[in-house]
Amino acid sequence: MSSTSSSIPAFATDAAPRAAAWRRFLRRQPTLVIGLAVLLLVLVAGVLAPVWWTGDPQQMRPGQRLQPPSFVRWFGSDQFGRDVYTRTLYGARVSLVVGAAVALVSLAFGTMLGLVIGFYRRLDAVMMRVMDGLMAIPAILLALALMAMMRGSVRNVIIALVIPEIPRVVRLVRASVLSLREHTMVEGARALGVRTPRILVRYILPALVAPLLVQATYVCASAILFEAYLSFLGAGTPPHIPSWGNIMAEGKTYVQLAFWIILFPGLFLAVTVLAVNLVGDGLRDLLKIRG
Amino acid sequence: MGVVALAVFALLHVTPGDPAVIIAGDYATTDDIARIRARLGLDQPFHTQVAIWLGRVVRGDLGTSIFSGLPVSTLIGQRAATTFWLTLFAMLISVGVGVPIGVVAAWRKGSWLDRAVMVFAVSGFSMPTFWLGFILVYVFAITAGWLPVQGYAPLGGGVGSFLSHLILPAVTLSVVYMGLIARMTRASMLGVLDEDYIRTAFAKGLAPSGVLVRHALKNASLPIVTIVGIGFALLIGGAVVTESVFALPGLGRLTVDAIVRRDYPVIQGVLLVVSGVYVMINLVVDVLYVVLDPRIRY
Chain A
1 MSSTSSSIPA FATDAAPRAA AWRRFLRRQP TLVIGLAVLL LVLVAGVLAP
51 VWWTGDPQQM RPGQRLQPPS FVRWFGSDQF GRDVYTRTLY GARVSLVVGA
101 AVALVSLAFG TMLGLVIGFY RRLDAVMMRV MDGLMAIPAI LLALALMAMM
151 RGSVRNVIIA LVIPEIPRVV RLVRASVLSL REHTMVEGAR ALGVRTPRIL
201 VRYILPALVA PLLVQATYVC ASAILFEAYL SFLGAGTPPH IPSWGNIMAE
251 GKTYVQLAFW IILFPGLFLA VTVLAVNLVG DGLRDLLKIR G
Chain B
1 MGVVALAVFA LLHVTPGDPA VIIAGDYATT DDIARIRARL GLDQPFHTQV
51 AIWLGRVVRG DLGTSIFSGL PVSTLIGQRA ATTFWLTLFA MLISVGVGVP
101 IGVVAAWRKG SWLDRAVMVF AVSGFSMPTF WLGFILVYVF AITAGWLPVQ
151 GYAPLGGGVG SFLSHLILPA VTLSVVYMGL IARMTRASML GVLDEDYIRT
201 AFAKGLAPSG VLVRHALKNA SLPIVTIVGI GFALLIGGAV VTESVFALPG
251 LGRLTVDAIV RRDYPVIQGV LLVVSGVYVM INLVVDVLYV VLDPRIRY
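Protein chains in written order, with the numbering used here: chain A, 1 to 291; chain B, 1 to 298.
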């Protein structure tokens with residue numbers, strides 16, 4: 001997969017072989033490169049939020065309520081006179097943390113469960129029914145209901161979003177395990193007396209890395225969207241932490257007066273999710289995964 | 001269905017957090033909490049609670065709302081019609097647009113048209129539903145003034161007003177679903193268009209539209225129908241958010257209000273009913289397989 005792009009500089013004789021290789025990579029994988037670039041921008045914007053001429057995201061300026069965008073207030077101000085630009089940049093933090101955490105945690109749990117379920121037939125029948133049951137509940141509704149049971153915090157949002165995602169990962173892993181289990185190399189390993197846990201980790205897990213990587217990006221994209229949905233509906237990130245969802249939730253009463261409170265965070269949200277999805281599509285093409 | 005019911009119940013009880021404590025509020029005494037717990041039957045052992053709840057559900061009793069005191073089934077009945085129309089229109093729009101653009105993209109593979117459709121599809125399912133809703137409201141209702149900003153008009157009050165209130169929410173909701181359907185249609189059509197019988201049909205000089213629809217689309221329809229069924233979950237999730245943006249009195253609003261008020265029986269009931277509908281739709285999809293492809297038998 002990467003051997004084509006890394007072997008090219010060896011043959012290229014022009015002054016900047018590395019740059020040529022990069023250009024070729026860009027031409028072949030435009031979606032992946034564009035997605036990664038945008039994602040990197042959002043990451044830099046969020047992580048280094050205090051650097052980008054922002055201020056305190058919670059600072060209220062009663063004299064400057066609902067100001068339209070201007071050179072001083074790039075994205076305008078909200079009903080408390082808080083700077084929408086500052087809040088939007090800080091909001092990137094919650095979205096990125098939730099997206100990455102949900103992808104990692106659901107992948108870790110889902111992979112473990114999937115490996116075990118796929119290998120032990122007796123567990124399979126029971127556990128897959130449970131997973132089917134879970135998957136029959138629309139993810140957002142399930143996450144909403146779970147949030148209703150817990151207090152609003154970023155950690156709880158992550159938990160509420162991980163639970164609906166796990167069955168989907170389990171299904172993917174289990175399907176691959178079922179087909180790989182019959183593979184000659186596994187049969188050979190078994191004949192050599194390799195124990196089951198070792199077979200799972202050494203023979204089956206490596207084959208799953210590529211599809212799981214692609215799955216992780218899609219889980220990440222939907223987690224970022226769902227965090228915004230939950231916060232927008234008032235069941236997500238608590239109001240004292242600015243997130244794109246709750247900025248828009250607070251702005252929705254003022255749509256007619258101050259459209260910019262909703263416009264900018266939503267634009268960031270849409271672009272970020274799009275970027276993550278593009279990375280996923282790009283990876284899928286690069287790693288040649290079907291479906 | 002039994003598994004779904006059990007899963008809904010178990011999940012809401014296994015999650016950390018005690019409903020009684022949350023209902024009682026921050027200033028409640030231990031006695032208050034114990035009283036609420038007893039009233040809700042939460043002091044019973046887990047398996048007894050499950051048995052009682054399942055027994056009621058089987059008889060069609062979803063419990064009583066803590067907030068309004070009305071039976072949950074009545075509340076759901078009042079709100080179901082709005083959500084039904086909203087999702088129905090959204091589904092019609094997304095299939096009506098998504099399938100044709102997917103077919104065209106596959107037919108003209110690699111062209112700018114194909115690329116435009118693919119970009120539209122990815123953007124479609126990356127789009128935050130509520131944000132799109134606000135943009136559409138701002139453009140068509142607030143600025144242009146062509147359509148009502150919010151609210152719902154029942155069908156009984158005239159078809160014109162019914163449709164004009166429903167069109168923006170339905171379009172908003174359909175975009176995510178449309179992207180998904182267009183992508184699946186294109187992928188599935190590409191697989192079929194490579195077949196020999198398609199080349200034969202074109203070689204015979206049949207009209208391209210006829211070949212695409214009658215020869216290709218028919219054989220490419222199974223994955224499309226599957227995604228329509230699975231994507232229904234997205235549609236319902238989107239409906240919750242869309243109803244909140246457009247102030248539509250549907251199941252989504254009922255859920256969100258119930259969550260704000262910690263009205264657990266209502267949350268459980270809605271979850272169960274919606275999941276039931278989802279399972280039924282996918283059952284219909286399974287039956288459709290047989291109609292679309294006579295080779296499949298059960």
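Note that these hints are calculated values from the structure, not bench results.
No residue lacks a Cβ here, since even glycine has one placed at the ideal position from N, Cα and C.
Don't take each hint at face value.
Said to hold, decoys possible - Here are the simulated DSBU-like pairs of lysine-lysine, each with C-alpha atoms no more than 30 Å apart in a straight line:
id, chain 1, residue 1, chain 2, residue 2
1, B, Lys204, B, Lys109
2, B, Lys218, B, Lys109
3, A, Lys288, B, Lys204
4, B, Lys109, A, Lys288
5, B, Lys218, B, Lys204
What the hints assert, rightly or not - Taking beta-carbon pairs under 8 Å as the criterion, some of the chain A residues facing chain B (in silico):
id, residue
6, Asp124
7, Pro138
8, Ala139
9, Ala145
10, Ile199
11, Leu200
12, Val201
13, Leu208
14, Ala210
15, Ala221
16, Ala235
17, Pro239
18, Val273
To be verified - FRET-style restraints, in silico, Cβ to Cβ:
id, chain 1, residue 1, chain 2, residue 2, range
19, B, Glu195, A, Leu287, 25 to 35 Å
20, A, Thr253, B, Asp32, 55 to 65 Å
21, B, Val287, A, Asp285, 28 to 38 Å
22, B, Thr143, A, Trp22, 41 to 51 Å
23, B, Pro294, A, Ala37, 26 to 36 Å
24, A, Leu123, B, Thr143, 36 to 46 Å
25, B, Ile142, A, Arg28, 52 to 62 Å
26, B, Asp32, A, Leu287, 51 to 61 Å
27, B, Ser68, A, Pro238, 20 to 30 Å
Structure versus earlier hints - violations, ascending order: 3, 6, 10, 11, 12, 13, 14, 17, 20, 23, 24, 25
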